[in-house]
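J.: The chain contents come next:
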Amino acid sequence: MDKNTYDAIVVGTGVSGGWAAKELTEKGLKTLVLDRGPMVKHGDYPTAMKAPWELPYADQPTQEDIRRWPKHTRPSFYGITQSTKHWFVDDLDNPYEETKPFDWFRGYHVGGRSLMWGRQSYRLSDLDLEANGKEGVGVDWPIRYADLAPWYDYVEHFIGVSGSVEHLAQLPDGDFLPPMELNCVEKEFAGRLSDKFSRKLIIGRTANLSGPLKHDKSPQRATCQYRNLCMRGCPFGAYFSSNSSTLPSAERTGNMTIVPNSIVYEMIYDNAKGKATGVRVLDAETGKQTEYFAKVIFLCASTFGTTHILLNSTSSRFPNGFGNDSGELGHNVMDHLFGIGVSASVEGHEDRYYSGRRPNGFYIPRYRNVGSDKRSYLRGFGYQGSASRQNWSRLVDEPLLGDDLKRAAEEPGPWRLGMSGFGEMLPSHSNYVTLDHNHKDKYGLPVLNFNVAHGDNENRMKKDILDDAMEMMTAAGYRDVRSYITPANVGAAIHEMGTARMGRDPKTSVLNGWNQMHACNNVFITDGSFMASSACQNPSLTYMAMTARAAKYAVDELKRGNI
Amino acid sequence: MNRREWLKCVSALAMGAVAAPSLLAAFDAHAASQAPGFTPQFFTRPQVDLITAVVDIILPRSSTPGAVDAGVPSFIDQMFKAVYTPAEQERYQAALASFDRAGGKPFLQLDAAQRKALVTKLHGEAIAGKKGKNPAPAADFVLMTKKLAMMGFFLSQPGCTEVLQYAAVPGAYHADIPLSQAGNGKAWAVETVLTL
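If you read the protein sequences in the order shown, they are chains A and B. For the first sequence, position 291 (counting from the first letter as 1) is numbered 291 according to my numbering, and the numbering increases by one without interruption. For the second sequence, position 79 (counting from the first letter as 1) is numbered 79 according to my numbering, and the numbering increases by one without interruption.
Hints are computed from structural coordinates only; laboratory data are not their basis. One or more of the hints may lead you astray.
[Stated by the list, open to error] Calculated from the model, a selection of chain B residues having no Cβ within reach of chain A, i.e. all distances over 12 Å:
| hint | residue |
| --- | --- |
| 1 | Thr-39 |
| 2 | Phe-43 |
| 3 | Arg-45 |
| 4 | Gln-47 |
| 5 | Gln-93 |
| 6 | Ser-98 |
[What the hints assert, rightly or not] With a straight-line cut-off of 20 Å between C-alpha atoms, the simulated SDA-like cross-links for lysine to any residue are:
| hint | chain 1 | residue 1 | chain 2 | residue 2 |
| --- | --- | --- | --- | --- |
| 7 | B | Lys-81 | A | Gln-60 |
| 8 | B | Lys-186 | A | Ser-393 |
| 9 | A | Lys-50 | B | Phe-27 |
| 10 | B | Lys-133 | A | Arg-394 |
| 11 | B | Lys-131 | A | Pro-399 |
| 12 | B | Lys-130 | A | Val-396 |
| 13 | B | Lys-81 | A | Thr-62 |
| 14 | B | Lys-116 | A | Asp-404 |
Cβ coordinates follow ideal geometry from the N, Cα and C atoms, glycine included.
Given these sequences and hints, build the entire structure.
T.: Here's what the structure looks like:
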């Protein structure tokens with residue numbers, strides 16, 4: 001038992017797990033870090049330097065790939081390409097059930113989805129954190145922006161977030177690296193939105209190093225080379241991933257023991273102590289079972305990963321799942337409204353172009369239900385988009401062949417602008433996941449079954465997302481304004497959250513305001529499951545800030561002898 | 001970080017990544033298939049000869065390499081072997097057969113001028129047709145082959161680097177510059193996928 005005993009255990013190595021590992025080890029805790037997938041060291045990115053012509057099949061999935069990834073190749077999914085498919089789990093070996101359809105993107109390896117994430121990094125504001133309480137939706141967040149702000153500063157400084165200072169109450173500014181630039185059409189569109197709607201269009205805030213980090217703790221990270229191939233893994237370490245950023249820091253402390261291929265399937269609870277004493281692990285390759293023990297446990301296995309572990313950990317004390325006294329565990333699943341967008345042709349600017357491939361776009365921050373604006377639904381949405389010159393594919397339907405076709409393809413095409421919405425989804429007890437004991441995976445573990453759908457508020461908002469985008473592009477004077485709706489289920493925004501929400505009352509929430517389990521004070525959950533509402537901003541930055549905050553609190557409480 | 005430091009950084013790390021062996025084997029097979037005189041995996045040799053003749057009309061060699069130089073016939077063969085569905089395979093096969101009958105005698109028995117005229121005529125019919133509706137099979141063959149030729153060519157090394165321009169590691173981003181100052185002023189190569 002001694003050799004399997006640590007001060008802390010961290011389950012998962014994505015954005016949250018990496019941060020937990022860094023913070024706990026830097027504070028001197030001997031920390032065991034577990035991930036269910038194989039090791040990926042920074043630099044282990046086999047396709048990162050491949051040119052387009054080195055990728056088979058025009059980088060498209062083959063029929064064999066579609067057979068292996070029937071879910072990950074649905075229309076709303078991306079990533080099953082020759083250059084990135086190795087980062088996504090095989091759907092045949094990793095099944096799930098859908099009482100209602102749900103798009104669940106998963107990557108099981110050290111670094112998790114921090115390797116493939118979209119890198120957009122926005123703060124929540126008090127508009128977001130006060131909304132549940134004011135409107136009587138779900139439970140009130142037990143924290144406010146003032147609790148979070150210093151931790152946003154802390155993580156932004158460390159990971160490097162590029163962005164512009166805008167003084168927007170609904171989208172607080174941060175400790176930014178220089179903003180990337182908008183191109184000429186994006187600037188023109190920004191001006192027209194400002195003139196006609198008094199709405200802002202800003203450059204996206206992204207965890208890519210637009211300049212050197214403001215600290216010297218990550219010598220393995222260089223500035224962005226503008227290849228826009230981030231999802232393959234960046235050998236320059238130019239975007240934030242656990243692999244490039246937090247795990248190397250944790251490693252350098254000498255306090256981290258990382259064990260890949262470790263599927264945590266159950267929490268160990270000691271009735272006498274009233275505490276979790278450890279976790280039970282299956283080796284993903286051999287099936288060997290091991291128990292590990294620690295004083296404090298951080299669950300960062302992703303929203304549904306963590307939920308699965310807790311639901312699968314039943315005992316006389318927790319017959320309905322670990323820490324589930326409230327009955328809210330697995331409920332209140334949220335994601336962002338996704339897949340609704342508009343594009344248009346923009347005349348002129350034919351003598352202007354760009355060089356380099358910017359791994360970022362523009363952002364239109366939320367303006368609905370802000371200030372005096374009032375809609376028939378609650379909350380709001382933001383847009384993400386970009387403008388670019390069309391490429392050779394525009395010539396397919398043109399009457400050009402031979403030399404004429406080649407010459408036309410050499411010319412950059414007309415400009416086209418596109419954007420799509422990311423909308424807030426309300427928490428609801430009726431949106432939930434359960435364990436399906438009739439369906440076991442190859443390890444003999446019950447699979448998750450999803451029962452999640454959008455409600456009336458979401459459906460009203462979807463209409464506004466489309467109508468507003470059409471209206472803005474039309475008012476800007478653009479032509480050929482076309483909407484597109486990607487067939488997407490809940491989950492498609494890959495912003496799943498909410499299944500172990502935080503709140504003030506143990507009767508209605510799983511965690512307190514420190515991400516600490518109400519019913520078991522040495523368990524902390526800092527992945528997306530803690531979210532009490534979804535806001536409409538990309539959530540990863542908030543997970544990081546809350547992880548760092550929770551780690552500080554956990555270590556202080558350990559020192560005080562309270563856990 | 002300069003290039004030397006970067007190489008040091010990368011080579012210090014073991015390349016034992018997830019699924020890397022099978023992945024890299026696929027890339028090697030891909031590279032091998034680019035060689036001239038490839039062995040078709042999906043089409044018959046006479047079909048490959050016909051496809052080769054058509055892509056050579058769509059994107060011929062000029063002052064820069066053409067689709068045949070860039071290995072496009074092999075690319076098309078691979079796409080049908082591995083990527084397209086049985087329905088897409090059947091559609092293309094039927095369209096190819098129809099196309100081969102459209103010139104009065106087998107396409108490869110036509111002279112160069114007749115071949116070009118037939119491809120041009122059917123291409124015109126295909127793009128004049130209704131949007132969102134597949135053209136008649138012979139014209140459909142020309143349009144599908146045009147898409148395949150463009151995709152294969154503009155993702156090939158000659159297509160990306162000699163007709164378009166490609167920067168593997170741009171190193172910087174300039175959002176708004178005169179076209180004449182954007183590299184050599186040609187369109188940047190970007191990865192794009194077309195559906196058949």
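J.: The structure should be examined with respect to each hint, and the outcome stated for every one.
T.: Cross-check of the supplied hints:
With a least beta-carbon separation of about 16 Å from chain A, Thr-39(B) lies farther than 12 Å from that chain, consistent with its non-interface assignment. The beta carbon of Phe-43(B) is kept farther than 12 Å from every beta carbon of chain A, the shortest such distance being approximately 16 Å. Arg-45(B), annotated as away from the interface, keeps every beta carbon of chain A farther than 12 Å; the closest lies near 22 Å. The claim that Gln-47(B) lies off the interface holds: its Cβ sits roughly 19 Å from the closest Cβ of chain A, which is beyond the 12 Å cut-off.
Listed as a non-interface residue, Gln-93(B) keeps its Cβ farther than 12 Å from every Cβ of chain A; the least gap is roughly 16 Å. The beta carbon of Ser-98(B) sits about 19 Å from the closest Cβ of chain A, which is more than 12 Å, so the claim that it is off the interface holds. Restraint check for Lys-81(B) and Gln-60(A): satisfied, since their Cα atoms lie roughly 13 Å apart, inside the 20 Å limit. Between Lys-186(B) and Ser-393(A) the CA atoms are separated by roughly 15 Å; this keeps the pair inside 20 Å, and the hint holds.
Distance restraint check for Lys-50(A) and Phe-27(B): the Cα-Cα separation of roughly 10 Å lies within the 20 Å cut-off, and the hinted pair is therefore satisfied. Straight-line distance between C-alpha atoms of Lys-133(B) and Arg-394(A) comes to about 18 Å, which keeps the hinted pair within the 20 Å bound. Under the criterion of a C-alpha separation no larger than 20 Å, the hint pairing Lys-131(B) with Pro-399(A) is consistent with the structure, at around 14 Å. Restraint check: the Cα-Cα separation between Lys-130(B) and Val-396(A) comes to about 14 Å, which is no more than 20 Å; the hinted pair holds.
For the given pair, Lys-81(B) sits about 9 Å from Thr-62(A) by alpha-carbon distance, which is consistent with the 20 Å threshold. Between the alpha carbons of Lys-116(B) and Asp-404(A) the distance comes to roughly 14 Å, so the proposed pair stays at or under 20 Å and holds.
Every hint, counting from the list given before, is met by this structure.
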